[in-house]
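**Q** Sequence:
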Amino acid sequence: MVVSLNDKNKDFFQMVFEVAKLIPKGRATSYGAIATYLGAKRSSRMVGWAMNSAHLDKNIPAHRVVNRNGMLTGKMHFATPSEMQELLEKEGLIVENDTIQNFKTIFWNPSEELL
DNA sequence: CTAATGACAAACT
DNA sequence: CAGTTTGCCATTA
20 MVVSLNDKNK DFFQMVFEVA KLIPKGRATS YGAIATYLGA KRSSRMVGWA
70 MNSAHLDKNI PAHRVVNRNG MLTGKMHFAT PSEMQELLEK EGLIVENDTI
120 QNFKTIFWNP SEELL
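Going by my numbering, the first residue of the first sequence is number 20, and it counts up by one from there.
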C-alpha cells in the first residue's frame, strides 16, 4: 500500500477506525459525524480516505459508514460493490437503491451516543 | 511548490 | 425542492 501512514496521520486514521468499530450493530453513521467527533468536521473527506485504508482491516465495519445522505457512496471500494449492501441488510438495516432507508432512524451520532 | 483528486458537506441557483 | 457549484483538508503526481 502506497499509503504513507506517517505517525501523525496514523492517529487520525486510528481514531476513525476506533469510532467505526464502536458503531452498534444495526446502526450507521456519516463521515461528517465522525469527522466532527474527531474535531475535524471540515475533513469529512479525510474520514472517507481513512476508510479506504480501513477496508484493509476486516475488523472495521466500514459498511456502517456512509455519507450524510445515507447513500453507499463507497460500496465500490469494497471487495464487491454488493457486499456493503449485503452486510448492512444483514445488520437489519434496509438498503435500497444504494441508499440506507430510515437512515435518520438508524443514524448513530458518536458525539452523543459515544460521549 | 502548484495542480489535481476524492468513501463529503454546505451553499447557491 | 432539486440539481449544480464551491469549499475543506489531506494525499499524490
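Since the hints were derived computationally from the structure, they do not count as laboratory data. Among the hints, a few may not be true.
Unchecked claim - Taking lysine-lysine pairs in the DSBU-like style, the calculated list, with each CA pair at most 30 Å apart, reads: (1) K44 / K60; (2) K44 / K77; (3) K109 / K77; (4) K77 / K40.
The structure presented is a predicted model; accordingly, all values stated were derived computationally and were not measured.
**Q** With reference to the structure, classify each hint as holding or not holding.
**A** Results for each hint:
Using a Cα cut-off of 30 Å, the hinted pair K44 and K60 holds, with the two alpha carbons roughly 24 Å apart. Proposed proximity of K44 and K77 is supported: the alpha carbons are some 15 Å apart, at most 30 Å. Between K109 and K77, the direct Cα distance comes to roughly 16 Å. Compliance with the 30 Å bound is thereby established for this hinted pair. Of the pairs offered as hints, the one joining K77 and K40 holds, with about 10 Å between alpha carbons and a cut-off of 30 Å not exceeded.
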